[in-house]
Amino acid sequence: MTIMMPASDQEVLARREAIVAALRAIVPGEGVIDSPAEMLPYESDALMAYRQPPMVVVLPDTTEQVSKVLKYCFDEGIKVVPRGSGTSLSGGALPLADGVLLGLGKFKRIREIDFDNRAVVVEPGVTNLAISQAVAHRGFYYAPDPSSQIACSIGGNVAENSGGVHCLKYGMTTNNVLGCEIVLISGEVIRIGGKSPETDGYDLMGIITGSEGLLGVVTEVTVRILQKPETARALMVGFAQVEAAGQCVADIIGAGIIPGGMEMMDKPAIHAAEAFVHAGYPLDVEALLIIELDGPGVEVDELIKRVEAIALRCGSTICQISKSEQERNLFWAGRKAAFPAVGRISPDYLCMDGTIPRGALPRALARIRDLSEKYGLGVANVFHAGDGNLHPLILYDANKPGEMDKAEAFGADILRCCVEFGGVLTGEHGVGVEKRDLMPDMFSEIDLNQQQRLKCAFDAQGLLNPGKVFPTLHRCAELGRVHVHGGRLAFPDIPRF
Amino acid sequence: MDTLKVRDAADVEQVVRAAIASEQALEIIGHGSKRQVGQPMATNALLDLSALNAVTSYEPNELIITVQAGAPMADVLSLIDSRNQQFAFEPVNTAALLGTPDIGTIGGMIGAGLAGPRRIKAGGVRDHLLGAHAVSGFGDSFKAGGKVVKNVTGYDLCKLLTGSWGTLAVMTEVTLKVMPRPESECTLLLRGLDDLAANRAMTAALGSPFDVSGAAHVPNPALCASADGLASLESPQQTVTLLRLEGFAASVAHRAAALGQALAPFGTADVVDDAASAAVWASIRDVKPFAANGALGARPVWRIVCPPASGGALGQQLSRETGGEVIYDWGGGLIWAALPPQPDARATLVRQRVDAAGGHATLLRAPEDVRRNVDVFHPQQAGLAALGERVRLSFDPKHILNRGRIRRVAST
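Heads up: the sequence lines are chains S and R, in that order. Oh and the first sequence: position 448 is 448 in our numbering, straight run, nothing missing. Oh and the second sequence: position 382 is 879 in our numbering, straight run, nothing missing.
Note that these hints are calculated values from the structure, not bench results. Being a predicted model, the structure only gives us computed values, none of them experimental. Treat the hints loosely; a few may be bogus.
[As the list claims (entries may be wrong)] Covered, in the sense of this in silico footprint (three residues per stretch, anywhere, with C-beta under 8 Å from a C-beta of chain S), are these stretches of chain R: (1) 718-732; (2) 777-791; (3) 812-820; (4) 827-838.
[Unchecked claim] Computed from the model, here is a short list of chain R residues facing chain S with C-beta under 7 Å: (5) 518; (6) 547; (7) 550; (8) 551; (9) 637; (10) 639; (11) 640; (12) 643; (13) 649; (14) 656; (15) 657; (16) 748; (17) 763; (18) 802; (19) 880.
Ideal Cβ positions, reconstructed from N, Cα and C, are used throughout, including at glycine.
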């Protein structure tokens, strides 16, 4: 592990037995796990390069228990790391040696389906896909579709503001949640929003979404559901140059078309995916686009024609249109299996997640190629092309000494390049521990201080998920100090009227 | 009162720092088009952003525009319109409702966070603000968000700035998402439905796969006659229920036919095409029937947001109990209510009924003496209110910015 986590509090560790007993009094039975063997599954999330067994695991199943656990930890000064299904790709649920790991896996109930208000009220442990399945019989679905949707929980989606292939058209988690119940570290239970289209007061739902478990523990979520589009068809388009593919993406958007999904893969990714799932991808192209159009049949047919014309104009060497649902799924199969496919050609890989302005794509890919040479590590690129979200997969072998460090340095350089080109460090995976130390590349100290002040409004002791998102934690008292410059309301240089 | 016309972010920092030093509160204005909204403020000087009016960059292919906060909304709207793009959230033009000569600035548009009919499909202002530079009540210029549509790096401070009525920070530059303007639109028009039936029709339409981008109901035909756009619907003695479809021409035609069929139990729908349809929705968006210079201009106006399917019952009850007029948007999720003038604008009654429906109500228009004595923004549960106040303090601990605008406080 190359990242420093906050130093363990020896005083807390010395009290471990008493802490476990106190937690057992709140969550009876098997809800408290303290044996090393049983805690093993919790020692990392999907960013498996980082591992740390927690001090103790607690699995409450009511809001009241969550509230009591948090209040106890608050009173006793014990750190807490919340966890959903553990599918975070940025180490958001990485435990702390002196911390309680608070798992929400038992919150599995769908509390209410309200078709008239197009809202579903769920507990945080419900999986993303389960929501869509629960409303499918009436033609509805929940739009955000992270690739881990079979496993990832809606609570985790809220924490990470998860995206997915279709967020270009339908938005990320933040655009699809209406309200929540959240327990603060003090144990206080707060309700925000509900089935109304908008919350009142400050948009706290907007700030909690994507807060990576640093502000509170969500115990209920109200999500917005949509009617499924009547139909969907996909095009598979190949190009001899990445630049042409990038131009094609820009021209589609420029023509006023927002596809349901628009994905790009580069040559190494195409080859890995094709070898794995045999989707029929062309192997002689440098870039492949999968473009999905959804809506009424008449609309999709029309847009397919327009997109095909744009692709030809941009010099596509192959352009296939799905003629059946089976064929559409086949086009997607390769893209959806890209990560495991790359896993087959390399002992290990690191999945990066930066966003760049769409127009910077050719430059970014050229830079990644240069870096690949510099570090002597292979890279395969998959890309949510429509919204500029890049997922370079860095290939390495953790068994070779120093190679993981090299892969991480390569990844950090890619993210710095995203910022340099006008983009951001993370498009959908979150900062977590993985990108924590890169935050100063994107934000100044003043920017980060303002974010931390907001953290102080929720958790002044810094007990919730410390060591994530912020490279350095300042004391709230210090951050709250207002520096007084000068003495009077005199603005010598500013025009007055 | 001093008006301080700032030229750049550094000026804003200087003004806020001086205000901190002298413990003077500042009122933040662009064009002043929404100054009458909120509690009357306890401020000592005006911080005028109207000179920060430049378009920093507009990149149609990236679907983003970056402008200074004082940029006139009218100019920015016409600029993006020239490239067939729009703000998908359909910003409300409050000029007619509030009786101001000007529609205001982009900063005001974000600070107020008022989205129009398309909010049900495309989201609100909050969903389209990608990044901002702003000066906090600490006197520091900070950056929030970024300039790309997909970004989860750090806390999403842009969400907080939207709809904060200038009480957290002074925005100096913002980046907004723009979207292609639909190629065509049409409106299905149902006549003669009462509030409850109209609510059911809108619920059915919004629960259909036909991608409805506007669902409104005007329960009093007299309200249509007085408002341009709606006046052309010629519906004597009949209520009108409006359902908008937008997109590629062939798709709109197909969906109009299919939606008309699905709504057959509610009557036969007329179809209003392109320009007339656009005029209808501009009128709904801007609440023209309640225009300040119209017959109801002297009435206080409430903006009520509630679960959409309960809107019909709530609006009907309020109008029956107060003798007021209502207009429904967002499929029932937004109710504009113009109530006969009373010293408290019927706040107690409105809040009771709205609370029972699980919604919230803002007194968007009322004379200053009424706003002085009534909570303009919906009172919140104690825990939520306290959390909101801690959030506010984390941006502006000395209460320098728009002091007292969102909550009644003792003046200093």
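How the hints compare with the structure:
Under the rule that three or more residues need a Cβ within less than 8 Å of chain S, the assignment of the stretch 718-732 of chain R is violated, with 0 such residues. Under a criterion of three residues with beta carbons nearer than 8 Å to beta carbons of chain S, the stated coverage of the stretch 777-791 of chain R fails, only 0 such residues being counted. With 0 residues bearing a CB less than 8 Å from a CB of chain S, the stretch 812-820 of chain R misses the requirement of three and the coverage assertion fails. With 3 residues bearing a CB less than 8 Å from a CB of chain S, the stretch 827-838 of chain R meets the requirement of three and the coverage assertion stands.
Satisfaction of the interface hint for residue 518 (chain R) is found here, the shortest Cβ-Cβ separation to chain S being roughly 5 Å, below the 7 Å cut-off. Checking residue 547 (chain R) against chain S by beta carbon gives a least distance of about 11 Å; that is not within 7 Å, so the hint is violated. Using the Cβ-Cβ criterion of 7 Å, the hint placing residue 550 (chain R) at the interface with chain S is not satisfied: the shortest such distance is roughly 15 Å. Proximity of residue 551 (chain R) to chain S is violated relative to the hint, the smallest CB-CB distance being about 17 Å (cut-off 7 Å).
Given hint, residue 637 (chain R) at the interface with chain S, holds; its Cβ is 5 Å from that chain's nearest Cβ, closer than 7 Å. Taking 7 Å as the C-beta contact cut-off toward chain S, the hint placing residue 639 (chain R) at the interface holds, the least distance being around 4 Å. Taking 7 Å as the C-beta contact cut-off toward chain S, the hint placing residue 640 (chain R) at the interface holds, the least distance being around 5 Å. Because the beta carbon of residue 643 (chain R) sits about 4 Å from the nearest beta carbon in chain S, less than 7 Å, this interface hint is met.
Of the supplied interface hints, the one on residue 649 (chain R) holds, with its beta-carbon coming within about 5 Å of a beta-carbon of chain S, less than 7 Å. Nearest Cβ of chain S to the Cβ of residue 656 (chain R): about 3 Å, under the 7 Å cut. The hint holds. For residue 657 (chain R), the suggested interface contact is upheld, since its CB lies about 6 Å from the closest CB of chain S, less than 7 Å. Annotation: interface hint on residue 748 (chain R) holds; nearest CB of chain S at approximately 3 Å, less than 7 Å.
Taken as an interface hint, residue 763 (chain R) does not check out: its beta carbon lies about 15 Å from the nearest beta carbon of chain S, beyond 7 Å. The interface hint given for residue 802 (chain R) is met, as the beta carbon of that residue sits about 5 Å from the closest beta carbon of chain S, less than 7 Å. Proximity of residue 880 (chain R) to chain S holds as hinted, the smallest CB-CB distance being about 5 Å (cut-off 7 Å).
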